[in-house]
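A.B. asks: Protein chains in written order, with this note's numbering: chain U, -12 to 243; chain S, 66 to 439; chain F, 13 to 308; chain X, 41 to 419; chain L, 69 to 315.
Hints in this document: simulated from the structure, not taken from any laboratory.
Do not take every clue at face value.
Said to hold, decoys possible - Capping the alpha-carbon separation at 20 Å, the derived lysine to aspartate or glutamate pairs in EDC-like fashion look like this: (1) U/Lys199 with L/Glu246; (2) L/Lys178 with S/Glu296; (3) L/Lys256 with L/Glu246.
Claimed, not checked - DEER-style ranges, computed between Cβ atoms: (4) L/Tyr89 with U/Phe107: 51 to 59 Å; (5) L/Thr296 with U/Glu171: 40 to 48 Å; (6) U/Ala197 with L/Pro304: 45 to 53 Å; (7) F/Trp131 with S/Pro100: 25 to 33 Å; (8) F/Gly67 with X/Gly392: 29 to 37 Å; (9) F/Trp143 with U/Gly71: 58 to 66 Å; (10) X/Gly94 with S/Asp384: 20 to 28 Å; (11) F/Arg297 with U/Gly117: 25 to 33 Å.
Cβ coordinates follow ideal geometry from the N, Cα and C atoms, glycine included.
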Amino acid sequence: MTEPILNVEDLSVRISGLHILQGVSFTVAPTGVTVLLGRNGVGKTTTLRAIVGLTPPAGEVRGTIRMGAQSLLARPTHRLVRGGLGYVPEDRCVFAGLTVAENLRLAERRGVSPAYDKVFALFPELDRRGRQRAGSLSGGQQQMLAIGRVLLNDNRLLLVDEPTKGLAPKVVTEVAEVLERVAESVPVLLVEQNLAVVRRLARDAVVLAAGKVAWTGDARELLLETALTRSLLGVGSGESQHPAQPGRAAAGKDGH
Amino acid sequence: MTEVKSPEVPAPPAAVPAELTPERGRWHRVRPFLPLVALVVAVIVPYSTLPLPGIFEGPLNSPGTLQVLAVCLVFGGLAAGYDLLFGRTGMLSFGHALYFAAGVYGTDILVTKAGLPLWQAALLTVTGGTILAALLGAVALRTVGIAFAMVTLAFAQVGAILVARDFGGFTGGEEGLPLDVSGLPAGLVGVTNTVNLYWLALAYLTLVVFVVHRVSGSPTGRVLAGLRDDERRIGVLGLDPYRYKLVAFTLAGGLAAAGGVIYCLIVGGASPHITSSELTLSLLVMVVLGGPGTRWGPVLGGVLYMYLDHRLTAFGSSDAVESLPAVLSRPLSQPLFVLGTLFILAVYFFPGGLASLGPRLTLLRHSLQPPTRR
Amino acid sequence: MGTVILLTLTGLGLAALYFLVASGLSLVFGLADVLNFAHGLFLGVGAYGTWWAAGNLPGAGSDGFGFVLAVVFGVAAGTLVAVLVELVLIRPLYSRTIEQVLVTVGLSLAGVALLQATWGADARPFPRPDWTREVTGILGAQVPNGGLLLIIAAVLVLGALLAFLRWTRYGLVIRAGVENREMVTALGIDVRKAFTLVFAIGGAAAALAGALGGVYFGTVSPGQGSSLLIFAFIVVVIGGMGSVVGSAYAAVAVGLLQQFVNYYGPSGLGDVCVVGLLAVVLLLRPQGIAGKVATA
Amino acid sequence: ATACGSPQDTATGGGDSAAPVKVGLVYSQSGALASYGKQYIEGFKAGLDFATQGTGKVGDRKIELTEVDDAGDPAKAVSAAKDLIGKGTKIIAGSTASGVALQVAPIAAQNKVLFISGPAATDAVTGANKYTFRSGRQSYQDVVTAKSFIGDPAGKKVVVFAQDGAFGDANEAAVKAVIGGAGATVSSVRAPASATEFTPFASQIKTAKPDLLFVAWAGTTAPAMWQSLDQQGVLSTTTVVTGLDIRASWPTFGAAGTKISFLSHYFDGASDTEASKAAKAKIPGGTLDLFHPDGFAAAQMVVRAVQEGGDDVDKMVTALEGWSFDGVKGKMTIRAADHALLQPMFQAKLTGSGTAFTATAQKSLTGDESAPPAVAMKG
Amino acid sequence: MLATRGLTWRIGEVAIVDSVYLDLAPGEFLGVIGPNGAGKTSLFNLITGLRRATEGRITLDGQDIGALPPHRRARLGLGRTFQASSVFGSLSVRENVRLAVQAHRGGSMKLWRRAAADREVAAAADTALDRVGLAHRGTALAGTLAHGEKRKLEIALLLAGEPRVMLLDEPMAGVSAEDVPELVSVIKSLTGDSGRAVLMVEHHMDVILELADRIAVMHHGALLACDTPETVMANPTVQEAYLGESL
Ligand SMILES: Nc1ncnc2c1ncn2[C@@H]1O[C@H](COP(=O)(O)OP(=O)(O)OP(=O)(O)O)[C@@H](O)[C@H]1O
Ligand SMILES: Nc1ncnc2c1ncn2[C@@H]1O[C@H](COP(=O)(O)OP(=O)(O)OP(=O)(O)O)[C@@H](O)[C@H]1O
Ligand SMILES: [Mg+2]
Ligand SMILES: [Mg+2]
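Using the sequences and the hints, build the whole thing.
C.D. replies: Structure follows, in structure tokens:
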């Protein structure tokens, strides 16, 4: 296997007294999607934020995070991002007071010509709604904007936090397709709850439990082994239960 | 539905209302009695001739000291009342001085110009101040955030203009209106009776703290705390945000007016200083200095602020300061410079106010102790 | 007729002064989300800087180019102070808006006291070119030149601010930064620099207002800034926070209202009317004249 | 060790014939009126030196001064006064601001101590109560001096331009009484004290075409106000009278300075008395200013009170009532009926240009000529 | 029991919600689906009173509630959750729920009673917390909860108010797969008894299909279809506009 693009070693995060991450180590392969899984509140978002340097002021980060040969800790976020680290946050964080076009304009980086064609090709909605204030977009539209924003620039690694949350099944498929295409050129570290999306995209998987890494390995292996999925993620994999529309059900949240 | 950030005042640094969380730990048996102990100590302070050189000019029981303490206590109470709006409900009013001033001028005018006996004047004033707060609050509360702050500021400004204009010679304009003490109970007049004013101020402070404490711990207080976080949600839960805010506003206004009555007696008159928006700003300073939303923070902040305000003038003209080189002694002889600087430092280094010092010290103590027990 | 013209033009002069003070305030308030009570301090620094330079700086004086130099010095001093305030006091408190406001409150107390400690509480005569003391006859009205100077300066400042907001990305960065500072950094932008810049511009506008206000009043005193500040606040709020154009409209409304009511009505009514206007505007349109409609 | 005492203890003053006499001076060391306060205290110290022949003692008893800053805030002044009284002080002087004087005066009466108000000009201090005296002039005396500028007022038109509030009210009322009472028609133009743009008021005055314009304006906006009056041509068409403020403010009159007729409480060179020479020699800088005489007179009154009254405040009051003495300004008399301080007043002109002015006296009025009407003692 | 008649909300020329006729019977569970931006949340906002409709009527038990402020509607038995969690961040989780219980029970202003002493409120709150499985987080500040936990707290707040008509806006968004069944059974239990009606927006089709009696499909503000799950799922327009290709 080739050199990983991202190396996280013994990452430990405390926020106002809570030991949220307790020595997390994993790597992200230089191609394809690595997915970060785990229950609500295990610290997936915290991990991503620690990587881009957005741990809240009350927090304390220990360990090492390296992208290639370069250490990421202690560098300001805007430098990291300019250096090719794209981040799509969990709550979308579009600028509600700005228009869609302004949101995109803000994401342009100096010296690089922004790939508007690519973004508008993926999300024609964003082109049409250029003058609408982002705060009045629907949830799904906002998610498109948040993803479109990072795709405007070339990145060496994308961190994407639950991109399909709150999206209509059709859009979930679309987003998954987009990410799939993006991942052909840029490695992606993805946090995702939707196992159908995970199944489609992920090559490697990292499972967090109780602030530690519970499992790493090939994602397919994880999803195929029902026992493993059940013990790590608490779900049976694959089998859908709805009698009415077996085919359709898989489009939503994967079974239970 | 995404929340759009509107130009609103952010809620003050959040503190969980102490009244809503039962206390735990080693101290929890003793703690409820600490306020009582403090009160008893405060009541008997005037019997002590203990000199506190540097802190007060004379011994504790000297009229000068008691006078300063009385003023401090009134402002402690005033700050606690203001905190009901700011710290506990998240309403940033810039016009709280108006209700205090209404208390001061109301008492003064009713006693001096109308010749009413004190108790009648006080009763009328507090009632009037409360009604004023209810009326103006009913209008101002149609707005939120900065707009609310500005509407309250505007109302207070009108009050200040009316006082300064001296319509009908009621207020004495910029010269103020000395209180006519001839009709007052003898126990409130004269330097030797300063101690009674002190006790009066202490009673006022106790009343305010008690009321604020009870209200914050009441079901209504819980709603107020909720309003501070998310007003829309309160509405969807079936409670009328407007009504609750109005209750808080009126109550705080009434408490301020009552404080005005006491202050008028202590100072022996009214002067237009107290109508200025600076007074509201200093209330804000007091609350933040002490710790918004905490039980004792605002009181401490108010007492400390007023103490410094009074004492820094003496500090500025003291020999120690005079003997410094001019670069230092000149600014240090300006009380406001010292006060402003101290305030900035406080915001900087004690973000939760004085009230957060206690827990922090505990934390420090714990981290210094070797981890013996597990 | 002459009276109406005189009242209008002097009212506009007053409006120009309010606008100069309010523009910086509005910028910092609307963009950086800091209700800057220390604005009066920047104003004072600008005024005293100009005053000091005219007397002490070689080449500067009270007339012609020397006066321009003195004003430039004053504005530079105001800007510097504003930048220092941002770097040292505001920046470490970012995302703690209330505390930022409180720090500026402390600054306004301490700063004015410091000016007073250094130069005394009394008003000092302000150096200014002789022509600013004279009047120009316009349609039979004797209009003070100082007021006309203010109007010209206000128009220039308005244009410059609009150009800054329209033609640079900073306006965008700052508006976004106010909403979610972290996310702006996460887009690879150094948001801190943008905020410092806003303070610098706000400080410069305030200092210019201080210097020109000195010309207008003929004196400089420590408390001058704070007394103008309250009307500037009213202007900012009526205009809609952060809207420079809104501030301009509001300043004109306030200036003219004050001037006409003070002339035709009983004294003191002018101020009450302005305050009343504020209350009415806010009750009808809480976001101010030009403020954006906020959605829930 | 904690000691116990009664909460109503106050120190009892002296009694001992060699014990120092405590005098409390409560005035503005900081705040807006700090420079008035500075002149007051310089004058007081010079006056004390003069009245005690440099010993600082009355008989065997040293005069012990305690200075307290009130920052112009009545609440602080009241605290300070109570503190001083609590420590046995029987004489309090000071009060730079009118608001302070008005609130300290009742405290003096309640506690039966002597209070000698300072530069505070409000008429209301006169006759406030038996224990309250004043060492400075009052607004009424200003207005009487102003009247002396128009000769016979009968049939003349007088306009008062004053700021809103008690200060303006008092001046307007005084002008109506003094000049209006003598046959002139008096009208007024009032402006808010916070006004910054005076052109409308100036043009209002211009249209009124008065024979005499009396301006009562205090505060930092005064220069802008003068400039507007000048620009609208009021100063060159009417006799404009106003009070001459402290020397430091003269340059702010700018071009208007030489066009105004000033009534003056005092300026350096207005008088040539023993006391003024002594004061000039003693004060730092050697140039007398507006409020030096007030401090000086206060010290003279304190010394007199102690000399005649010892520790007995009632005796002090009797000793001061009706007393005449030679102050910096000339002959001063404390009117027994209401404790008004009758004193000479001056007419002055500024000459010079730009920012360097010198004042010269045009005329002086004796204390009787400028005497305010006697009021009944209120308390 | 809840009915909308020609409910319309326009911003400028655009109809965000376009003439919607809905009927919700007692005990019924109506799922609402539709593409992002179809106007589902906006419809909820109109019904709960956070937005004023430009046209049309809303009735609850026959009473026109279109002019009432949100709190009056809530008191009539209308409860909702928010798509973006909106909980009282500076209060503890338990205190959040107690506030909701209290809002439901005591109407009048109580300034002098001790809130903490009200055992009934506390007990009801704990029951609600238990039902969503947040009991162990009772003392945590709601603001510091992880996303999924906030979703559960939202539902607990709703439960505490015992509304008769419940509007759930994407309750499952961001809830980890493991917790979905639990939440589904909580939601299921809402309707089981007492004729309560539920209106739920959800993108997780399997959840909708499991719970809903009928499904309404919104598109561009208008109601495209409102029928049994089977019919709706078979509708080609729905397939094309909403569901798209299966993964
Ligand atoms: N600022 C903070 N202060 C205190 N605790 C925090 C803070 N941020 C996160 N936490 C806690 O850290 C834990 C992990 O949070 P995180 O958001 O990383 O979880 P997650 O795995 O992303 O969950 P989800 O799937 O719900 O998004 C949670 O228990 C949360 O309460
Ligand atoms: N205040 C507003 N101003 C302008 N447009 C608005 C406003 N509020 C909502 N919209 C628009 O109305 C449409 C419906 O929005 P809504 O939030 O109701 O969608 P939704 O169906 O809930 O979508 P999602 O499933 O993504 O949450 C969207 O296109 C949105 O952009
Ligand atoms: Mg997360
Ligand atoms: Mg929605």
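A.B. asks: Next step is simple, just say for each hint if it's right about the structure.
C.D. replies: Status of the hints after comparison with the structure:
{"no.": "1", "hint": "U/Lys199 with L/Glu246", "verdict": "18 Å, holds"}
{"no.": "2", "hint": "L/Lys178 with S/Glu296", "verdict": "19 Å, holds"}
{"no.": "3", "hint": "L/Lys256 with L/Glu246", "verdict": "17 Å, holds"}
{"no.": "4", "hint": "L/Tyr89 with U/Phe107: 51 to 59 Å", "verdict": "36 Å, violated"}
{"no.": "5", "hint": "L/Thr296 with U/Glu171: 40 to 48 Å", "verdict": "42 Å, holds"}
{"no.": "6", "hint": "U/Ala197 with L/Pro304: 45 to 53 Å", "verdict": "47 Å, holds"}
{"no.": "7", "hint": "F/Trp131 with S/Pro100: 25 to 33 Å", "verdict": "47 Å, violated"}
{"no.": "8", "hint": "F/Gly67 with X/Gly392: 29 to 37 Å", "verdict": "19 Å, violated"}
{"no.": "9", "hint": "F/Trp143 with U/Gly71: 58 to 66 Å", "verdict": "59 Å, holds"}
{"no.": "10", "hint": "X/Gly94 with S/Asp384: 20 to 28 Å", "verdict": "24 Å, holds"}
{"no.": "11", "hint": "F/Arg297 with U/Gly117: 25 to 33 Å", "verdict": "27 Å, holds"}
In the structure shown, a violation is registered for the earlier hints numbered 4, 7, 8, in ascending order.
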